[in-house]
Amino acid sequence: MGSTQLKGSEVKGAAVNIGTSVQAANVAIGKDTTANMGSTQLTDSKVDGAVVNVGTSVQAANVAIGDKTTANMGSTQLKDSEVKGTVVNVGTSVQSANVAIGKDTTANMASTQLQDSKVKGTVVNVGTNWAAANVAIGDKATANMGSTQIKGSEVKGTVVNVGTTAAAANVAIGKNATANMGSTQLKDSKIDGSVVNVGTTAGAANVAIGQNSDANMGSTQIAGSTVKGSVTNVGTTVGGANIAIGKNTVANLGSTQIKGSDIKGSVTNVGTSAGIANVAIGSGANANAVSTQIKNSKVDGKIANIGNAGAAANIAIGKNSDANLASVQMSGSNLKGNITNKANVGAAANLAIGSGTSANLGSVQMTNSTAKGNITNKANVGAAANLAIGKNSNANMAAVQIKNATVKGNISNKANVGAAANLAIGKNSSANMGSVQIKNTSVGGNISNSANVGMSVNLAIGSGATSNTSSVSSD
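With the sequence shown counted from 1, adding 1 to any position gets you this note's numbering.
Treat the hints loosely; a few may be bogus.
Taking lysine to any residue and the SDA-like style, the derived pairs with C-alpha atoms no more than 25 Å apart in a straight line are [stated by the list, open to error]:
#: 1; residue 1: K409; residue 2: G302
#: 2; residue 1: K69; residue 2: A29
#: 3; residue 1: K176; residue 2: K229
#: 4; residue 1: K320; residue 2: K337
#: 5; residue 1: K303; residue 2: K176
#: 6; residue 1: K337; residue 2: N417
#: 7; residue 1: K13; residue 2: K188
#: 8; residue 1: K428; residue 2: N375
#: 9; residue 1: K337; residue 2: K392
#: 10; residue 1: K415; residue 2: K320
#: 11; residue 1: K119; residue 2: G204
#: 12; residue 1: K13; residue 2: K69
#: 13; residue 1: K152; residue 2: G276
#: 14; residue 1: K404; residue 2: A384
#: 15; residue 1: K373; residue 2: G225
#: 16; residue 1: K265; residue 2: K373
#: 17; residue 1: K121; residue 2: E155
#: 18; residue 1: K191; residue 2: G338
#: 19; residue 1: K157; residue 2: A203
#: 20; residue 1: K392; residue 2: A350
#: 21; residue 1: K157; residue 2: K69
#: 22; residue 1: K320; residue 2: S464
#: 23; residue 1: K157; residue 2: K260
#: 24; residue 1: K152; residue 2: G311
#: 25; residue 1: K188; residue 2: A275
#: 26; residue 1: K260; residue 2: K428
#: 27; residue 1: K415; residue 2: S451
#: 28; residue 1: K296; residue 2: N405
#: 29; residue 1: K229; residue 2: G261
#: 30; residue 1: K296; residue 2: K404
These are computed hints drawn from the structure, not numbers from a lab.
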């Protein structure tokens, strides 16, 4: 309906689709079915020019039911295809529903999705969703709303995603489910240019339920990929909920998460959140709100995180889970540049519950990593609670914690904390407030800590537990 679909085709010029759907219904039922509304879909095809899709849906329903089904609304989807020009998608959905139900299902709303494809130009997605619902249910289900998702693909140019979502719901349910809202997600891909994501959400819910599920809201998530340029994420969330439930789940809100990847340029994350809840539940769960998290990766440039959070809750529950709020967390990684974290947090709660958990609020935490530059943390925290419960747990508030690492530059922490509580409960737990904690680490430069701590409580409970307030500790 109002769409362009190419299979095993070759187009010498450009492919352009402009589709408008008002009070319409588009339904596909059966195995391997596809329902396209105001969309462009390319499979095993080659386009020498550009691919442009402009899709508008108002009070419409697009539904695909069955294994390996696909439902595209105001979206561009490329599979096993090559585009020599630029790919542009502009999707707008108002009071509409896009649903895909079945194993390996995909539901794309105002999004761009590339799988095993090659684009020689730039990829641009501008997605706007209001009072809309995007749902994918089934194993390996994917729900993209106002997002760009790239898998096993190569893009010679830059990837830009601008997603705006209000009063909407994006849901993916099933093992290995993925729910992206106003986000950019790269998996096993190569980008020669930069990656830019600008995601704005208000009164929205993004949910992924199932083992190894991912829920990204106003975030950039990169896994097993190479980016030759810089990575920039600007995520703003007001009155939203981002939830991932299941073993090894990930919930990213206004954050940048990089895993097993190589970034040649810098990484910058600017996250602002108010009245939000970011939750990851399950063993190995990760909940990142207005934060930057880097695991088993290499970054040649600098890392900068600016996190502003008010009336926020960030929660990770499960063994070896991590909860990061307005923080930078790096593990098993190599950084050639500097790390800078600037955090302003008020009326917030950051919780990590389970053995080996870490709760970081307005902090920098580095483990088993190398940084050739400086590490700087500047944090203002008021009326906040940071809690880590479990054996070997860590609770860091307006602090810098470095374990089993090498830092060749300086370490600086400047903290202002008022009416806050920082707690670590469990054997060998650590609670750091307005402090710098160094363990089994080599530092080539200077270490400085300047902290103003007001009516606050910093407490570590358990055998071998450590509590540090306005101090520098090293062993």
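#### Entry: Hints violated by the structure (listed by number, smallest first)
Checked against the structure, the hints that fail are numbers 3, 4, 5, 6, 7, 8, 9, 10, 11, 12, 13, 14, 19, 21, 24, 25, 26, while the rest are satisfied.
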